[in-house]
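In the order they appear, the protein sequences are chains H and A. Here the first sequence is numbered in my numbering, starting from 1293 and rising by one per residue. Here the second sequence is numbered in my numbering, starting from 4 and rising by one per residue.
In short, the hints are calculated from the structure, not lab data. One or more of the hints may lead you astray.
[To be verified] Straight-line alpha carbon distances no greater than 27 Å define the calculated DSS-like cross-link-like pairs of lysine-lysine that follow:
#1 H:1453 <-> A:635
#2 A:972 <-> H:1294
#3 A:476 <-> H:1368
Given the structure is predicted, the values throughout are model-derived calculations rather than measurements.
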Amino acid sequence: MKLWNALTGELLNTLKGHTRFVNDIAFSPDGKRLASHSRDGVVKVWDVEAGRVVLTITSATMLPDRGSISFSPDGKRLAGSGRAVSSGVGPGALGEVKVWDAQTGDELLSLKGHSLGVSCVVYSPDGKRIASASGGAAQALGAGEVKVWDAETGKDLLTLKGGVFGHRIAFSPDGHLLASDSGGTVKIYDATPLPEKP
Amino acid sequence: MMATAMTDIQELYGAALDLQSAEEIARFLDTACRGDAKLRAQVEALLDSHRRAGNFLGGTSSNELATIDRPKSENVGTLIGPYKLLEQIGEGGMGLVYMAEQQRPMRRLVALKIIKPGMDSKQVIARFEAERQALAMMDHPNIAKVHDAGTTETGRPYFVMELVRGIPLNEFCDQKRLTVRERLQLFVQVCQAVQHAHQKGIIHRDLKPTNVLVTMADTVAFPKLLDFGIAKALGQSLTDSTLHTGYSQLVGTPLYMSPEQAEMNLFGVDTRSDVYSLGVLLYELLTGTTPFDKEKLTKASFDEMRRIIREDEPLRPSRRFSTLGAQAISTISQHRSLDERRLSKILCGELDWIVMKALEKDRVRRYESASSLAADIQRYLSDEPVLACPPTTMYRFQKFARKHRPVLATAAAIALCLILGTTVSAWQAVRATTAEAQANANEQKAVASAAVAEEKEQDARKERDEVKALNEKLAAKEQQLQRTLYAANMKLAKVAWEESAVHQVQELIEQHRPKTGEQDLRGFEWHYLHRLCHSELLTLKGNYVDISPDGKLLVTADGRGNVRLCMAQTGQELFALKGDIYGGRAFFSPDGKRLASSTGDGGVKVWDVQTGKELLHLTGGGREPVFSPDGKLLAAGQSIGDGTNKNNVASKVRVWNAETGQELFTCNGQTGEIWCIAFSPDGKRLASGSKDKTVRIWDALTGQELHTLKGHDGYVEYLAFAPDASRLVSLDDRTVKIWDVKTGGEIFSLPGRSRRAAVSPDGKRLATATDGFVKIWDAQTGDEIHSLSHASYSIAFSRDGKRLASGSGDRTVKVWDAMTGQELVTFKGHPNVVMGILFSLDGTRLASASNDGTVKVWDSTTSPEARTLSQTAGATRITSFSPDGQRLAGIVRAPNSGYSINTWNLKTGEMIRTFGAKSGEGLLCLGASPDGRQFAVGTGKWDTTKNDYVGGDVKIVDSQTGDELRIFKAHSTAVNRVVLSPEGKTQASCDVRVAST
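Pulled out of the complex, with its shape left as it was, chain H reads as follows (with noise of 0.2 Å):
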């Protein structure tokens, strides 16, 4: 992983550790650390500025798909795709979310629900659902799906189905949309709280 200036295109530092494959980054919200979850089925936490290790969590999900990572809003918390109870290979594997302490790196919840491979793992902003997608591989097409969970309970609230192999979904800003590129198309979900009837 490198690490650059966005201005000058200063090269600040290049984040050596994990023995494979890096799937996703993601820097904390005061943007001090940043968290990579990696093939090699570990996460990391880096001190972007001092450009060392200070948390290394293994029950990450080591499937050979998209793996992912996200911070919580306030910081405190890490979800990312978490170690699969099966074999963790193949559209067969029980994709799982986990959510750790960002400090001590602890197993706080573990989301479980998906059929596939978790490709894609975001908290929405305001830190009280965590959305996932599963899509396990390219003869899974259509199998995949976007679930939403409540982030301090684990509980599986709302599950969206139709999508593909590795996708990924964003909330906007104000936590109403989620939008999710499955199914080689973009499609928005909308939950815009509508107008109360007066």
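Guided by the hints, dock chain A onto chain H, whose structure is given.
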């Protein structure tokens, strides 16, 4: 004024009569007359004459009472007015209660209460009459009605009441072993009934368990309050019930009597006295015993009893309970289905406070109403904090100070002296010293008492803290349960949505709309589901709909003659037209200026769309009216039966000038009711389908019959000409047939059982609802092109022919690509079968009519479940939204073309910008700066010989122009992920970092 004085005298007299000794009477009169010498003299005069009459005061022994209460003159079988006494069912302090049969004006069983002698019947009846109107207004299921009052032949007042066969409240609870919770729930009902009476201005004044009977209605316990209005009529104060000490049940009343009643403050009784009595009832329900000991109160003299009620603080229920004997505790606990320790624990705390608040000596400190007592109990039952609370320190101190006022005054005076002590004379000092000793002693006493008070208060505080902690724990537990329930219901709601049970989705989610004070658990999923439930643009009443040619107006008909014209955008109703009686449908003329509807009674009405004015009312021919394509003609069917057989009718199609209403010609010949009529698009032909299973083709100018098309096995329901008028499509209740209009010959018929048919606007395709599928056929050859799984009852092509909509019995409306057969959108919201469906002219709107009586309008292009952004086909990877949430960017690798970075407008779903990549350059990942002005894009260089990426760069791109601002060349393989640090929120910041991997 006179009346009041009379009442006064009578009441006091009556009360005094019942007292036992002359001494008590004197004391009673001292209090009651309050120095009103005149009043006292009058009462005494009455008493004197009474004494002289030989009925000596205090002589009413229990034996005597018994004989008086069972007078031979009013036995079972006696007729009192219209009431025949059937059976004695009760005996109370005031007299005997009989079950009686009312003979007229209606026969019914009633309860009849005959008051014991000693009351002035006239006064009693007068007082009852005064309150009768108010009593009549009391209508509450938990209050026994008082029907009537009168005087027996022996001159005794009686009351007639609704007959209630029940068990006194406390006995019922013990018998059924009701738990504390169940008791409270029952008690709340009692409070609510009392509240009802209070609202009607009636105070009970004598609430006690025997006046609250519980009956069982099915398996539900149902309390009934008796004797409302009777205590008042009897002028009852303390007097009538206190004195017959030989009868324990007679002493019942003082146990439930409020301090102000005990004070014999005859006119100071208000609704809060009943609240006090309710407090005693509750005390008894909880502890199995009354606040004051029955024995003690029974044995006490009249004055002592009054003092106890007015001054003695009863023990809190939990304390009282623990002071009872082991045997009693065990019995009482068993009656409440609890073990002993638990009952004490349950009582301790909030229940104690609730009861004690109801029992406050000072009525200002009591619950202000029966309903607020009930509300506090309900708060307790639902684990909310109660209003009642242990007395505050200040209150305790005030109480303490009142009791020990003299001591405290001395202490304060001495304290002052001590302060001034240094300046006073020796003599004073000596005096002061002497006094000091006294003061110290007093002070110590006071301090000791205060310490006791303090200790008690600490107890209470500890109790309160414990309860608070418990409440918090419960609240946390409830929170957790709420969240679990919420999650479960959200899941159920999604399942219900998938099953198109939108009303169920709504029910499930509405449960979680937070009420005041509740935590809002709702999030993305709730609002998403809520939107799904309201995904239609409009909902209108009716089961038939038409859209005006310009798309601006909608007309609905509900089959009951109501025709409504609305704005298509807003649903705003312009006119509500009444077609005399049941009319099937309403539709626009081809120019959109007129509106027509059959009136069901064999007529057609035409209205002006602008004004709503009725233009024509054509009678004789109201079946399936239709305008000619140019709008100049109006045709409708008419059937004339011969009266013998409904099916044996002569039918004709009548054709009028649609503007003047002048009849032009009739097409005669068909023998069954006309079920459908169609003009050919060129306006030259007219076709009609009938119950006689034929289709006729007529000359639309003359009415001359050209062809009779035979071959259908059923009633012909639907007809449509091909756009070029060369072919005619007809449908009976099963088969679709295609005919040659010129020759009248059948070309082919479609296989399967069809319910509906539609011809595509270009005439090349046919769509049918057949065998649970939507089928698309080649209109020339009859070959099946697509078979789409949707058990539909209605189908319609969009006017450009590109899309097909179908409405189904599964409560969904689906839109299909008419060319590829691909399902485009599904709409849900109708609770029932969708019978009619239609696109607007521009195809953006879809109207559906269901036999649930609603018409819904949908945006035909957008799926309620998810909007799809345009031109995103192919591999697409999105990044974050723009900071304002209006745009979204992503990388698209369109099939057969290179990579590009696209930006979409989320409102319209349209693409705003696209920046193509250099040829041979793969765009693999995209990040956006926090301000949205720059993209960071990760690239990969693909080596076809190695079949792998051989390098990758990170580029910073202006999100507006697509200009490359900076390139970081560093990775030896493709860049998989690029993110920008959230720090540099402003452009000026030089601390924006890019991380890539």
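These are the hints, each one checked on the structure:
{"no.": "1", "hint": "H:1453 <-> A:635", "result": "violated, 52 Å"}
{"no.": "2", "hint": "A:972 <-> H:1294", "result": "holds, 11 Å"}
{"no.": "3", "hint": "A:476 <-> H:1368", "result": "holds, 26 Å"}
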